[in-house]
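Chains as they are written, first to last, in the working numbering: chain A, 1 to 340; chain B, 1 to 340; chain C, 1 to 340; chain D, 1 to 340.
These are calculated hints, taken from the structure and not from any lab test. Ideal Cβ positions, reconstructed from N, Cα and C, are used throughout, including at glycine. Some hints could be false.
[Unchecked claim] Derived CB-CB ranges, DEER-like:
hint, chain 1, residue 1, chain 2, residue 2, range
1, C, Asp239, D, Asp21, 32 to 38 Å
2, B, Arg140, C, Val157, 43 to 49 Å
3, B, Asp144, D, Asn32, 39 to 45 Å
4, C, Pro164, B, Gly9, 20 to 26 Å
5, B, Ala60, C, Val157, 52 to 58 Å
6, D, Pro148, A, Pro271, 27 to 33 Å
7, B, Ala272, D, Val170, 54 to 60 Å
8, B, Glu80, D, Val170, 31 to 37 Å
9, C, Ala277, B, Asn32, 54 to 60 Å
10, B, Ala277, D, Val170, 26 to 32 Å
11, B, Glu167, C, Ala42, 31 to 37 Å
12, C, Glu167, A, Ser270, 57 to 63 Å
13, D, Val170, A, Pro164, 27 to 33 Å
14, A, Pro164, B, Ala219, 33 to 39 Å
[As the list claims (entries may be wrong)] Here are the computed lysine-lysine pairs in the BS3-like style, where the Cα-Cα straight-line distance is at most 30 Å:
hint, chain 1, residue 1, chain 2, residue 2
15, D, Lys329, C, Lys329
16, B, Lys329, A, Lys269
17, D, Lys329, C, Lys72
18, C, Lys107, B, Lys218
19, B, Lys218, C, Lys337
20, B, Lys218, B, Lys72
21, D, Lys72, C, Lys329
22, C, Lys269, D, Lys72
23, A, Lys72, A, Lys112
24, C, Lys337, D, Lys329
25, A, Lys329, B, Lys72
There are 4 protein chains.
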Amino acid sequence: MQLGMIGLGRMGANLVRRLVDGGHECVVYDHNPDAVVALAGADGITGVSSLADLAENLPAPRVVWVMVPAGKITSGVIEELAGTLAAGDIVIDGGNSYYRDDITHSKLLSDKGIHLLDCGTSGGVWGRERGYCLMVGGDRDAFDEAEPIFATIAPGVEAAPRTPGREGEVSQAEKGYLYCGPSGAGHFVKMVHNGIEYGMMASIAEGLNILHHANIGKADQEGDAETAPLNHPEFYQYDIDIEQVTEVWRRGSVIGSWLLDLTASALQKSPALEEFAGRVSDSGEGRWTVIAAIDEGVPAPVLTTALYARFASRHLFEFGAKVLSAMRKQFGGHDEKSPT
Amino acid sequence: MQLGMIGLGRMGANLVRRLVDGGHECVVYDHNPDAVVALAGADGITGVSSLADLAENLPAPRVVWVMVPAGKITSGVIEELAGTLAAGDIVIDGGNSYYRDDITHSKLLSDKGIHLLDCGTSGGVWGRERGYCLMVGGDRDAFDEAEPIFATIAPGVEAAPRTPGREGEVSQAEKGYLYCGPSGAGHFVKMVHNGIEYGMMASIAEGLNILHHANIGKADQEGDAETAPLNHPEFYQYDIDIEQVTEVWRRGSVIGSWLLDLTASALQKSPALEEFAGRVSDSGEGRWTVIAAIDEGVPAPVLTTALYARFASRHLFEFGAKVLSAMRKQFGGHDEKSPT
Amino acid sequence: MQLGMIGLGRMGANLVRRLVDGGHECVVYDHNPDAVVALAGADGITGVSSLADLAENLPAPRVVWVMVPAGKITSGVIEELAGTLAAGDIVIDGGNSYYRDDITHSKLLSDKGIHLLDCGTSGGVWGRERGYCLMVGGDRDAFDEAEPIFATIAPGVEAAPRTPGREGEVSQAEKGYLYCGPSGAGHFVKMVHNGIEYGMMASIAEGLNILHHANIGKADQEGDAETAPLNHPEFYQYDIDIEQVTEVWRRGSVIGSWLLDLTASALQKSPALEEFAGRVSDSGEGRWTVIAAIDEGVPAPVLTTALYARFASRHLFEFGAKVLSAMRKQFGGHDEKSPT
Amino acid sequence: MQLGMIGLGRMGANLVRRLVDGGHECVVYDHNPDAVVALAGADGITGVSSLADLAENLPAPRVVWVMVPAGKITSGVIEELAGTLAAGDIVIDGGNSYYRDDITHSKLLSDKGIHLLDCGTSGGVWGRERGYCLMVGGDRDAFDEAEPIFATIAPGVEAAPRTPGREGEVSQAEKGYLYCGPSGAGHFVKMVHNGIEYGMMASIAEGLNILHHANIGKADQEGDAETAPLNHPEFYQYDIDIEQVTEVWRRGSVIGSWLLDLTASALQKSPALEEFAGRVSDSGEGRWTVIAAIDEGVPAPVLTTALYARFASRHLFEFGAKVLSAMRKQFGGHDEKSPT
């Protein structure tokens with residue numbers, strides 16, 4: 001097939017490469033002309049310098065993949081496409097858009113007869129090699145039309161052993177892409193995927209942090225009325241080699257996972273991780289997952305406290321902590337301790 | 001009655017003052033002779049320079065209150081008392097001992113026929129004036145014998161309106177002290193009291209922190225693929241006067257409480273609390289409460305996350321946070337952001 | 001002053017009674033005529049049968065208090081008032097509206113020159129007697145005009161001792177009402193108040209639940225590979241009288257609070273609370289508080305897990321729990337245990 | 001090598017089979033003679049009927065693996081072995097013992113010159129086929145002596161691609177077993193592994209539960225003052241096929257993991273999981289992980305709230321929830337709602 005790609009950052013460029021490797025032809029655009037130059041010219045890749053050019057260089061019905069930052073930038077591109085594309089064309093928003101924006105964008109485009117597919121795209125910088133896991137929402141017919149694109153981008157069934165009990169014809173899901181439902185469903189499922197990701201990451205991080213402090217009994221114990229004493233220092237005398245632990249867990253354990261593989265890899269390069277300060281960003285999906293849980297009225301304490309730990313790592317509870325110290329000073333006369 | 005007091009820190013000294021104001025006589029000891037000198041000589045207060053002296057200066061059966069830091073120091077004093085006191089004497093541990101230590105101490109003393117009462121003592125630096133809330137465990141007969149002491153130290157029924165439905169004779173609990181059960185029961189109840197205290201304090205602190213950031217929509221919003229955007233800055237344009245808010249909540253609101261009174265008082269003195277860094281200590285009871293919940297198999301997410309926020313305020317998740325940043329770097333190529 | 005009251009449920013009727021007791025005159029309306037009949041006729045209370053009548057019976061500039069369920073019903077009333085009232089009039093929304101709706105309503109009314117004050121009203125069924133804690137947002141001039149109303153409804157300074165350091169003229173906040181900022185600020189502060197309320201309530205509930213299970217060591221301990229053993233049953237042998245504990249904590253303890261008073265009162269009537277099944281409702285503010293924390297990017301684990309415990313009490317994690325049991329069956333061959 | 005195996009349940013029997021497949025010889029014992037009969041007689045497997053027989057049938061220095069339920073049963077076996085084995089022998093505790101018990105057991109055995117290795121064994125019912133992940137603590141020389149056993153039981157390096165950057169000789173950890181440190185270190189690392197497992201499982205379960213309720217907007221919305229309204233039902237109209245979602249996530253996504261594989265497998269067999277009631281057991285390690293975090297003073301909110309969700313699934317917050325409903329009744333006059 002022929003596909004237009006808008007946005008040639010890390011994700012967009014890799015998608016293009018994977019698509020042309022799979023036999024598709026791509027017309028590519030980025031607001032930064034250098035990004036177009038860097039990619040265009042290779043077999044099957046045509047660079048263009050405007051969205052109008054992009055439309056002209058694609059056969060109708062056009063399929064255009066948008067891979068730009070979520071929020072205002074994606075909205076701007078989609079609004080522009082509403083004026084550039086024609087009825088019957090298909091826009092795929094492959095970024096990390098909020099699923100509610102998909103519903104808005106979908107209405108805007110459908111007024112022109114253009115279809116929007118929202119496509120949650122998981123796989124990060126490894127996707128070109130491993131393939132991307134794709135969760136798609138929107139019009140079912142448009143999905144069917146664009147399916148060859150998804151099939152090429154996805155990892156394929158051979159990326160994992162088939163689930164016991166699954167036999168015969170290989171399903172979409174087994175190939176690594178899934179039509180999830182009407183507009184927004186793809187990004188909704190991707191959003192929850194990322195929420196789970198936050199929880200899994202925090203699970204590993206909390207566990208490793210407990211191992212990191214397993215030798216706390218070797219330190220001198222403070223002993224005063226305002227410090228919790230460690231009653232049994234003899235139980236915390238272990239110097240655990242955390243890099244080796246993450247490696248051993250990669251084989252045969254219950255927590256084997258890609259995130260663990262990546263953690264082992266990071267620790268292999270840098271056992272103490274001293275190049276990091278521990279200020280952990282979050283990029284929206286974790287927040288939206290929590291808001292969905294709240295709206296639905298279902299408990300999600302693990303996903304939520306995982307998110308909050310990121311906020312706290314950026315010192316955003318500081319005023320609250322001052323309030324706590326102030327109360328302790330008030331009722332107990334306790335001064336804050338200096339860092340030790 | 002006559003009472004021996006061991007430990008003349010803030011709490012012990014104030015207890016002595018409240019007891020002599022209430023007509024009791026105190027024989028007082030501290031390992032620091034200056035503390036004895038500072039208190040002794042006033043009407044009803046006799047200073048001594050050793051535990052042996054203390055025992056000699058009290059009529060049998062003796063009642064001795066121990067008010068020293070929990071843990072090894074308390075254990076040391078109780079072991080010494082086991083050799084100094086006599087059968088029929090009563091030791092009251094009024095500190096913040098772990099209730100499990102009470103069981104050990106109680107056995108040690110009962111071998112000599114000495115009774116141990118464990119007494120959770122709440123009230124902090126305000127107790128001399130307000131009275132202390134007392135939760136007592138141990139031998140019931142010993143409790144009955146020492147009751148006049150507890151009655152004097154406690155706030156008394158007039159400290160709060162009677163609970164609707166309570167009529168006639170005023171109960172112990174209404175006077176502010178309670179026999180809770182066998183050895184350890186008093187400190188167990190006090191431990192849970194402090195667990196609740198952690199939760200309440202954190203509730204106020206989290207709420208005020210949300211108010212503190214209610215103007216976040218006025219700040220420039222970052223806009224890139226790795227930062228969660230604030231979709232609706234127009235909803236976060238409030239500059240809330242937090243000192244005034246804590247004051248208004250003191251009257252008629254559902255969250256009226258002594259902790260809120262103290263918070264209002266702290267903010268009245270220092271609206272931005274800049275004298276605090278936000279490193280919040282914990283002194284054991286919160287931890288033990290969580291361990292009790294775990295042992296009992298009952299959920300306590302509020303009390304536990306309150307405790308964890310204190311740990312986090314002391315930067316004890318730092319290695320875990322580095323692990324998170326390392327994973328993000330691995331799968332998404334994301335560098336850590338600099339502080340803004 | 002004269003005030004129109006729309007909505008004569010528990011809250012609205014009590015507000016009217018407190019206002020006429022304080023010398024104001026009220027024109028009252030409810031969509032249920034019986035509610036109007038029940039209240040009207042007493043000194044200072046005039047009943048009307050439509051919003052148009054209400055407007056006619058009030059002198060300009062009119063002050064109208066809306067006390068109806070938040071959401072669609074409040075929006076409907078405010079839309080109708082936009083057509084009934086005149087420029088210069090003041091509408092006070094005293095219900096539990098989402099503060100974002102205030103901003104919408106305020107714009108709608110200001111197109112007609114009508115002012116909207118959003119007023120968070122805390123105090124529940126006790127407010128008529130204790131007074132209500134009032135948090136107000138909107139136009140400052142409108143607030144000043146309506147201040148006598150707020151001053152009468154609020155508890156007044158004598159409801160609590162003055163905060164140490166506050167001297168001289170008594171501030172608004174000390175009287176129990178506060179102008180918090182522009183439109184929505186009142187309900188924003190009330191929202192956070194309720195968030196704190198959830199956290200405090202859960203703190204008490206978790207603590208009492210730990211006390212309730214303090215005798216778990218008396219039960220036979222299961223012993224198999226799939227059940228966590230209680231290593232030290234000897235530490236969980238306490239039969240705590242929870243009613244007495246809540247009573248003793250009311251005097252002198254750090255956690256003294258109105259919520260504790262109410263808990264003691266409930267337990268005094270019904271020590272085992274067997275009339276309750278433990279399905280805990282939530283009414284919006286707790287959810288909105290969490291969403292505000294998420295939007296602001298600040299951690300609120302205590303307030304959030306308190307909310308989630310309510311969701312879980314209504315069995316809304318059931319599918320998730322089935323997933324957990326299914327995983328355990330998969331990797332360990334563990335069947336679910338029957339209830340014991 | 002020759003190995004004695006004590007305990008022929010699911011785990012013990014599978015270990016024996018894997019060991020004889022790998023060329024070792026096993027002398028096997030179980031307190032249930034039928035279990036011995038079922039296994040003995042096959043090539044390389046000798047059944048015995050007592051621990052004394054076991055000792056007699058093994059060449060010195062003996063290596064004996066204990067695979068019985070943790071707690072009293074393991075302690076009993078180890079005490080008996082202290083009298084049956086001889087100096088220089090090695091006991092391997094492969095069960096889920098609390099690492100603190102290892103320290104006790106180790107001292108007991110070392111008085112007789114017997115070495116104890118504590119070996120955390122992960123892999124569940126799949127271990128015979130996949131191999132087991134082994135985390136070992138104790139005397140380093142004893143570990144070196146028993147290493148051929150561990151090497152056979154472990155999955156081997158081919159079970160996963162080598163971590164980028166690891167080259168040359170394959171380390172122990174890469175083969176799937178690791179010497180972690182002195183007595184208790186193996187079970188400590190296994191304990192934390194299980195803590196992480198709880199967090200990961202809960203992450204998946206919470207996420208799927210959010211997907212399960214993604215159609216909540218299709219239900220009639222209650223509208224009264226005591227129920228949180230769903231402001232935007234239009235955003236919750238998705239009927240997500242959760243089985244397919246777990247399948248698609250298996251390839252290329254960030255959350256790919258063995259636990260996800262198992263979840264997909266469970267849902268493949270039973271998409272609604274109706275054979276489960278959602279009462280989730282816990283078997284100790286999750287609790288001990290939290291206690292370690294508390295003792296170390298490090299935050300672990302994700303691992304802890306994961307554990308608490310299991311407690312809550314067994315209705316162990318019921319009394320606390322009744323307290324909440326009682327408070328709501330007190331301050332707001334709210335009756336509990338009936339189940340809908």
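Pairwise hint evaluation, B:Lys218 against C:Lys107, where the allowed Cα distance is 30 Å at most: holds, 20 Å
Cβ separation of D:Val170 and A:Pro164, checked against the hinted range 27 to 33 Å: Given a distance of about 30 Å, which is inside 27 to 33 Å, the answer is holds.
Range hint 31 to 37 Å (beta carbons of B:Glu167 and C:Ala42) holds or violated: This hint holds: roughly 32 Å between Cβ atoms.
Whether the CB-CB distance between C:Pro164 and B:Gly9 falls inside 20 to 26 Å: Roughly 23 Å apart at Cβ, these two residues keep to the hinted range, so it holds.
Hint check for A:Ser270 and C:Glu167 - Cβ pair distance inside 57 to 63 Å: holds, 59 Å
Assessment of proposed distance window 54 to 60 Å (beta carbons of B:Ala272, D:Val170): Distance hint for B:Ala272, D:Val170 holds at roughly 58 Å.
Hint check for D:Val170 and B:Ala277 - Cβ pair distance inside 26 to 32 Å: violated, 48 Å
Distance restraint between B:Lys218 and B:Lys72, which requires alpha-carbon spacing of 30 Å or less: Judged against 30 Å, a Cα distance of about 53 Å means the pair is violated.
Proposed proximity, C:Lys72 with D:Lys329 (alpha carbon, max 30 Å): holds, 25 Å
C-beta pair B:Asp144, D:Asn32: status relative to the range 39 to 45 Å that was hinted: Since the Cβ atoms of B:Asp144 and D:Asn32 sit about 55 Å apart, the hinted range of 39 to 45 Å is violated.
Distance restraint between A:Lys72 and A:Lys112, which requires alpha-carbon spacing of 30 Å or less: holds, 21 Å
Supplied distance hint 54 to 60 Å, evaluated on CB atoms of C:Ala277 and B:Asn32: Distance hint for C:Ala277, B:Asn32 holds at roughly 56 Å.
Hint check: violations occur at hints 1, 3, 8, 10, 14, 15, 19, 20, 22, 24; the rest are consistent with the structure.
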